[in-house]
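Asks: Sequence:
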Amino acid sequence: MPARHVTATLVFTATFVFPLIAAAVGRQNNASPDVVVNFGDPAALAGAANQVVVPDEVTVLKGGTVSFVVNGPGHGIAIYPVSNNTTRDDITAQLCPHDLVTQACLDGAFANGSHTIRDGKNNAIIVTGTNPPFERLDDPTGRLLATSTQIGDIPGAFLVGSTATSAGAQLQFRFTKTGRYLVICMNRGHMLANWMFGFVTVGNEGDQQ
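First residue of the sequence shown: 552, per my numbering; consecutive thereafter.
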């Protein structure tokens, strides 16, 4: 996966503390200048129950920030632009199927396979590659942010200018363009097996109620 350089505006706190036209309009009408998203459930700091983004759908005004508060271990945050019509069902349909009762992944090998995650317009957003060699979901194409990445044969190395997403960390990202964005956990098992992702929709000032 060739590296591409993408310029993004990052704001880190000093303490490191952090679908369909009608639906899109509804998201924009609820736009706020700044929002907080829990990356991991603060009430469940271990196991699959912690591998969630809460809330998994937020809307922020253009120029506003999302503060990702990291709860629990092993997470890595990445942000990708997607088409405005992309829904949660679009993404989960491409991930490991879940047991309807237990919600557990039905294929233990799924997270280590090679998959192409596509948005609502069938654009390729993330090409995962296999594990090994890629221990993280680390496709840089079009990516706005990655908190940890694979450099050579060193998995999980942190990018220059980023901070480790350890429990209790807070990371703020400022969204400077309108649109819809997919936020994922870079941990293969968390995202591909347990569906740890969410969306940020960025609207204009006139979209605020």
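Just so you know, the hints here were simulated from the structure itself, not pulled from any lab data. Don't take every hint at face value.
Here are the simulated BS3-like pairs of lysine-lysine, each with C-alpha atoms no more than 27 Å apart in a straight line [to be verified]:
id, residue 1, residue 2
1, K613, K672
2, K613, K728
3, K728, K672
Note that the coordinates shown come from a computational prediction; the quantities given were computed from them, not determined experimentally.
Asks: It remains to establish, for every hint, whether it holds in the given structure.
Replies: Hint by hint, here is what the structure shows:
1. K613 - K672: 23 Å, holds
2. K613 - K728: 6 Å, holds
3. K728 - K672: Holds: K728 and K672 sit about 19 Å apart, inside 27 Å.
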